[in-house]
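2 protein chains.
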Amino acid sequence: MRTSQYFLPTLKETPADAVVISHQLMLRAGMIRKLASGLYSWLPAGKRVLNKVENIVREEMDRSGALETTMPVSQPAEIWQESGRWVEYGPELLRFQDRHNRDFVMGPTHEEVITDIVRNDISSYKQLPLNMYQIQTKFRDERRPRFGVMRSREFLMKDAYSFHIEAESLVNEYQNMHDTYCRIFDRLGLDYRPVEADNGSIGGTGSQEFHVLADSGEDDIVFSDSSDYAANMEKAEALAPADNRPAPSEEMTRVPTPNAKTIAELVEQHGLPIEKTVKTLIVKASEECEADLVALMVRGDHELNEIKAEHLPEVAAPLEMAAEEEIRAVMGAGCGSLGPVGMTIPCIVDRTVAKMADFGAGANSDGEHFFGVNWERDATYTREADIRNVVEGDPSPCGNGKLFIKRGIEVGHIFQLGKKYSEAMNATVLNQSGKDAALFMGCYGIGVTRVVASAIEQNHDDRGIIWPDAIAPFQIALVPLKMEKSEVVRKTSEKLYAELTAAGYDVLMDDRKASPGVKFADMELVGIPHRIVISDRSLSEGNVEYKHRRGGDAETFPVDSIVAELKQKVTI
Amino acid sequence: MRTSQYFLPTLKETPADAVVISHQLMLRAGMIRKLASGLYSWLPAGKRVLNKVENIVREEMDRSGALETTMPVSQPAEIWQESGRWVEYGPELLRFQDRHNRDFVMGPTHEEVITDIVRNDISSYKQLPLNMYQIQTKFRDERRPRFGVMRSREFLMKDAYSFHIEAESLVNEYQNMHDTYCRIFDRLGLDYRPVEADNGSIGGTGSQEFHVLADSGEDDIVFSDSSDYAANMEKAEALAPADNRPAPSEEMTRVPTPNAKTIAELVEQHGLPIEKTVKTLIVKASEECEADLVALMVRGDHELNEIKAEHLPEVAAPLEMAAEEEIRAVMGAGCGSLGPVGMTIPCIVDRTVAKMADFGAGANSDGEHFFGVNWERDATYTREADIRNVVEGDPSPCGNGKLFIKRGIEVGHIFQLGKKYSEAMNATVLNQSGKDAALFMGCYGIGVTRVVASAIEQNHDDRGIIWPDAIAPFQIALVPLKMEKSEVVRKTSEKLYAELTAAGYDVLMDDRKASPGVKFADMELVGIPHRIVISDRSLSEGNVEYKHRRGGDAETFPVDSIVAELKQKVTI
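Sequence order for the protein chains is L and H.
The working numbering numbers the first residue of the first sequence as 144 and each following residue consecutively.
The working numbering numbers the first residue of the second sequence as 144 and each following residue consecutively.
Hints listed in this document are in silico derivations from the structure and should not be mistaken for laboratory results.
Virtual Cβ for every residue (Gly too), placed ideally from N, Cα, C.
Warning: the hint list may mix true and false statements.
Straight-line distance between alpha carbons at most 30 Å, and here's what the computed DSBU-like set of lysine-lysine pairs gives [claimed, not checked]:
{"hint": "1", "chain 1": "H", "residue 1": "K269", "chain 2": "L", "residue 2": "K155"}
{"hint": "2", "chain 1": "L", "residue 1": "K634", "chain 2": "H", "residue 2": "K545"}
{"hint": "3", "chain 1": "L", "residue 1": "K269", "chain 2": "H", "residue 2": "K628"}
{"hint": "4", "chain 1": "L", "residue 1": "K269", "chain 2": "L", "residue 2": "K563"}
{"hint": "5", "chain 1": "L", "residue 1": "K690", "chain 2": "L", "residue 2": "K155"}
{"hint": "6", "chain 1": "H", "residue 1": "K404", "chain 2": "H", "residue 2": "K427"}
{"hint": "7", "chain 1": "L", "residue 1": "K269", "chain 2": "H", "residue 2": "K578"}
{"hint": "8", "chain 1": "H", "residue 1": "K578", "chain 2": "L", "residue 2": "K656"}
{"hint": "9", "chain 1": "L", "residue 1": "K628", "chain 2": "H", "residue 2": "K269"}
{"hint": "10", "chain 1": "H", "residue 1": "K578", "chain 2": "H", "residue 2": "K563"}
{"hint": "11", "chain 1": "H", "residue 1": "K625", "chain 2": "H", "residue 2": "K662"}
{"hint": "12", "chain 1": "H", "residue 1": "K625", "chain 2": "L", "residue 2": "K269"}
{"hint": "13", "chain 1": "L", "residue 1": "K656", "chain 2": "L", "residue 2": "K710"}
{"hint": "14", "chain 1": "H", "residue 1": "K545", "chain 2": "H", "residue 2": "K625"}
{"hint": "15", "chain 1": "L", "residue 1": "K578", "chain 2": "H", "residue 2": "K656"}
{"hint": "16", "chain 1": "H", "residue 1": "K656", "chain 2": "L", "residue 2": "K177"}
{"hint": "17", "chain 1": "H", "residue 1": "K578", "chain 2": "H", "residue 2": "K625"}
{"hint": "18", "chain 1": "H", "residue 1": "K634", "chain 2": "H", "residue 2": "K563"}
{"hint": "19", "chain 1": "H", "residue 1": "K662", "chain 2": "L", "residue 2": "K578"}
{"hint": "20", "chain 1": "H", "residue 1": "K549", "chain 2": "H", "residue 2": "K562"}
{"hint": "21", "chain 1": "L", "residue 1": "K404", "chain 2": "L", "residue 2": "K427"}
{"hint": "22", "chain 1": "L", "residue 1": "K562", "chain 2": "H", "residue 2": "K177"}
To spell it out: a stretch of chain L is covered by chain H in this simulated footprint if at least three of its residues, at any positions, have a beta carbon under 8 Å from a beta carbon of chain H; those stretches are [as the list claims (entries may be wrong)]:
{"hint": "23", "region": "149-158"}
{"hint": "24", "region": "167-180"}
{"hint": "25", "region": "207-220"}
{"hint": "26", "region": "234-243"}
{"hint": "27", "region": "284-298"}
{"hint": "28", "region": "426-440"}
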């Protein structure tokens with residue numbers, strides 16, 4: 144491709160409303176343009192990258208044995224009513240009516256459609272297992288779309304759904320998808336990690352997220368420094384401290400703390416070490432709990448893990464904090480002064496809290512705390528549980544090493560769904576015994592659009608994008624200098640362009656009448672990994688100049704050897 | 144691929160609601176399944192075909208120099224209001240609101256979006272010409288979706304849009320697209336014709352449709368038997384008869400015709416040759432016409448061409464027939480008794496009618512006709528024009544030969560739009576003189592989904608589909624007989640499968656435990672063009688059996704030479 148015949152509207156300035164790097168650079172490099180909030184058009188350079196990601200995903204999914212399909216974007220309400228999600232799914236599910244006033248949704252995902260296909264066309268276990276996927280436009284009506292294509296309303300997703308008569312077959316396919324995802328992200332050239340994830344309300348046994356590591360990532364990923372253990376923050380287990388609880392060594396005293404509404408204020412004003420404090424949070428109880436509210440306690444410097452908390456049988460899901468008035472009615476005090484002494488509602492403490500002694504906590508009386516509280520002697524709890532986020536330095540739940548935390552961008556998710564949809568939608572087949580059996584189901588997603596943005600978040604510098612070879616819009620930038628004035632520059636450039644294109648490379652030749660500075664800046668902004676500069680000066684010695692986008696010194700190579708040289712350097 | 148691991152739910156029976164062949168066969172061959180009215184899921188075998196069509200379209204569009212993009216399916220109402228189509232477009236435009244009650248449409252086409260991109264990012268003629276395309280899901284809320292994917296609500300379309308500073312550049316790109324489309328349909332292996340089409344209300348100079356010829360086609364395509372001339376029925380010009388009008392030879396007589404409400408009844412009851420009759424149709428006049436109604440006359444055996452009629456400056460567009468009461472008020476008689484004698488409103492006659500003498504027509508008095516009517520002596524007309532459909536045997540407007548008519552399925556359309564959108568949406572750039580100039584625009588569509596259905600309409604027999612090699616889901620069917628019982632059949636089949644797959648062919652090996660009859664029927668229904676049967680019987684002589692789906696006798700080839708033989712026979 145020649146820049147003179149290409150549409151590459153690069154921008155010098157960073158658009159004001161673009162906050163994250165990938166959004167800024169995709170706009171500046173002429174990859175995308177905003178049509179409306181959360182809706183983006185992909186311009187030619189962006190579309191090239193998207194196609195390359197899509198092709199890698201397709202090739203590896205095909206290799207895995209999954210079968211490609213395409214299901215409609217528009218889906219009738221009836222199947223969503225059957226699955227229960229017509230009601231359960233929030234306003235992110237875009238509902239609309241057709242000209243005959245029939246209800247439809249724009250599909251954010253396709254469990255219902257694929258389950259409908261399978262229940263109609265699969266009647267026997269002999270036709271299973273089966274894994275079908277599509278690479279297709281999805282719509283989620285985000286309340287606040289942001290970060291460009293990272294959290295847009297329309298996006299391209301690869302979603303796969305597998306069906307099985309036996310749980311073991313689902314586990315095998317789940318592993319097959321895990322391995323397939325690893326091959327995909329390896330080929331994409333990204334630094335990524337599969338991490339254990341929470342199964343949500345579905346239960347079941349397996350759920351993993353695939354994260355591209357980047358400092359700008361939205362999610363905290365937890366790793367062991369001595370093993371392969373990796374989990375997302377929601378899932379990572381905080382172990383109980385190994386040591387026994389110390390014996391009490393202080394008397395419990397009631398302390399006036401009128402200006403300490405928070406743990407930080409308590410610590411600052413009263414000289415209490417934060418590790419000697421506990422926080423009490425009051426949440427709504429589940430229906431099966433005999434009380435209306437439940438108290439949750441974590442150490443003052445720890446954070447409640449809401450996902451872990453909402454999995455407790457005593458706690459309502461989704462987690463809902465109690466309102467100030469409710470708390471006051473039951474506890475006799477407001478949020479800043481709560482604690483375990485004299486507690487009348489179920490009280491679930493974090494494993495760490497259960498091992499604490501001589502600690503400070505609210506006195507359930509406004510403006511007062513108890514110091515020197517000790518379990519059993521002064522207060523009791525209902526039971527202990529893991530309800531906090533891990534922190535760096537915690538022992539790894541795998542038993543090896545300590546935990547550390549990095550930021551990640553979720554680009555894939557594999558999930559053992561179990562029978563949720565097959566039971567709701569009555570998707571059964573005859574099993575080996577000739578009886579109707581609901582199917583086991585797995586689902587496996589990759590955010591194709593998001594992969595592009597995450598690749599940029601992970602690979603950029605202050606001059607622009609630095610693409611991995613496999614998904615670069617062009618692998619090679621040919622930059623002739625003053626081509627219009629120099630016949631030898633023109634001829635050499637055209638010859639190299641023809642040879643490299645014939646060799647199967649995607650080459651962008653910058654044949655504009657523009658200064659070297661303008662050309663270099665654009666090629667760097669767009670992120671083309673390999674650059675060849677052809678100038679009178681170097682050609683006078685029979686050479687051209689090569690430079691990788693990641694930096695390092697420019698190297699000179701004889702014109703005659705540069706194609707062979709590039710075949711060594713560039714992976715396609 | 145092996146049938147045992149594939150999802151190919153073939154059906155023996157034709158589903159009741161499938162009327163056209165392609166719909167029936169796509170359902171029976173397990174290519175598609177209906178999700179809701181006009182919404183279809185593509186199962187693996189169908190998706191393979193769709194992907195192959197898409198890839199050919201993409202390769203040839205890329206080769207043409209057009210640049211691939213992707214624009215959102217969802218489009219904000221504002222740009223449709225700017226172009227005027229928010230109001231103009233009927234209920235086929237699906238309008239919806241997002242969670243913030245903002246208006247959107249599901250894109251049936253993307254002129255507004257691309258024009259918005261271009262006006263924002265193209266500022267100078269130096270960046271032109273430019274042609275951008277996408278292959279993307281479209282939505283049209285058809286009142287009565289039917290014929291399977293032939294007229295569905297969601298479908299895949301390749302739409303391209305070109306922008307130019309000069310009309311000549313648009314004409315060049317239009318020709319480039321014409322040539323590109325010919326390459327595409329050649330590669331698809333379809334019998335097709337580019338035909339001249341009407342430009343509609345846009346005016347401008349160029350519009351061509353690409354039709355796949357099939358007896359079941361919805362459209363009439365008009366050809367010359369002695370030249371390359373081809374046009375759709377709307378566009379094909381009906382020339383004036385070469386001969387002069389004969390002199391009157393009969394007296395005009397008033398005839399009671401109480402039971403002749405139609406031309407057919409008039410001819411039957413009164414023995415008048417149909418070529419001696421005229422039909423009078425009363426339509427609404429345009430605003431610029433001084434009258435409210437206009438009379439249009441065609442010979443009794445001819446049909447009014449509504450498109451030609453609505454292009455008349457005197458006639459309202461879109462064409463609207465006058466109501467019976469309006470007609471009676473102005474003409475003094477109802478529809479079955481209208482004619483030119485005593486006509487008080489503008490009267491436009493077809494060129495053929497203008498050359499008629501001694502003809503019969505309604506007397507503008509209920510239950511009466513005049514016979515022996517002659518122009519000038521008995522009645523006058525305002526002017527003559529081409530307002531009828533051509534019929535077989537008419538002279539070709541190209542000047543060579545006579546016309547004949549075939550049926551076609553429209554699968555592509557190329558169109559010189561001119562400045563319609565650029566002027567409505569203020570898409571201007573600086574021209575060579577440094578002045579703002581509205582852009583010339585062309586648009587070029589291919590119904591990718593429809594191509595698949597049209598290929599079946601053109602290529603099938605009573606046993607199923609017969610795919611062209613280039614778009615067959617599998618080019619080669621390997622049918623081992625009693626594989627489970629014969630080691631040599633199994634080994635030979637596996638070896639051939641491996642070799643043919645390695646050679647780049649898409650091979651479906653039917654490894655089911657099923658009778659030869661069941662296997663042959665399925666492979667024929669699915670339409671795989673090349674079939675190899677591996678059986679103990681033929682292997683005992685060292686042979687396998689080859690047969691093409693189109694028929695002819697089965698041929699035997701030595702096992703060792705069959706791969707080389709297929710390389711001759713199969714095009715990929």
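- prompt: CA of K578 of chain H to CA of K625 of chain H, is that 30 Å or under?
  reply: 77 Å, violated
- request: For the pair supplied as a hint, K549 of chain H and K562 of chain H, confirm whether the alpha-carbon distance does not exceed 30 Å.
  value: 34 Å, violated
- request: For the pair supplied as a hint, K625 of chain H and K269 of chain L, confirm whether the alpha-carbon distance does not exceed 30 Å.
  value: Given that 30 Å is the threshold and the Cα spacing comes to 18 Å, the pair holds.
Straight-line alpha-carbon gap K634 of chain L to K545 of chain H, limit 30 Å: Distance ~54 Å between K634 of chain L and K545 of chain H Cα, so the pair is violated.
query: If you draw a straight line from the CA of K628 of chain L to the CA of K269 of chain H, is it 30 Å or shorter?
result: 19 Å, holds
- request: Given the hint that K578 of chain H pairs with K656 of chain L, test it: the Cα-Cα distance must not exceed 30 Å.
  value: With Cα atoms ~22 Å apart, K578 of chain H and K656 of chain L stay inside 30 Å; holds.
- prompt: Straight-line Cα separation of K656 of chain L and K710 of chain L no greater than 30 Å?
  reply: 29 Å, holds
- prompt: Between K404 of chain L and K427 of chain L, is the straight-line Cα distance small enough, at 30 Å or below?
  reply: 22 Å, holds
- prompt: Taking only the CA atoms, is the gap from K656 of chain H to K177 of chain L under or equal to 30 Å?
  reply: 55 Å, violated
- request: Quickly compare the C-alpha distance for K562 of chain L and K177 of chain H to 30 Å and report which way the hint goes.
  value: 24 Å, holds
- prompt: Can the region 284-298 of chain L be counted as covered by chain H under the rule of three residues or more with Cβ-Cβ separation shorter than 8 Å?
  reply: With 4 residues in contact (Cβ-Cβ under 8 Å with chain H), the coverage given for the region 284-298 of chain L holds.
- prompt: Is it true that the CA of K269 of chain L sits at most 30 Å from the CA of K578 of chain H?
  reply: 71 Å, violated
Checked against the numbered hints given earlier, the structure breaks hints 2, 7, 14, 16, 17, 18, 20, 28 and satisfies all the rest.
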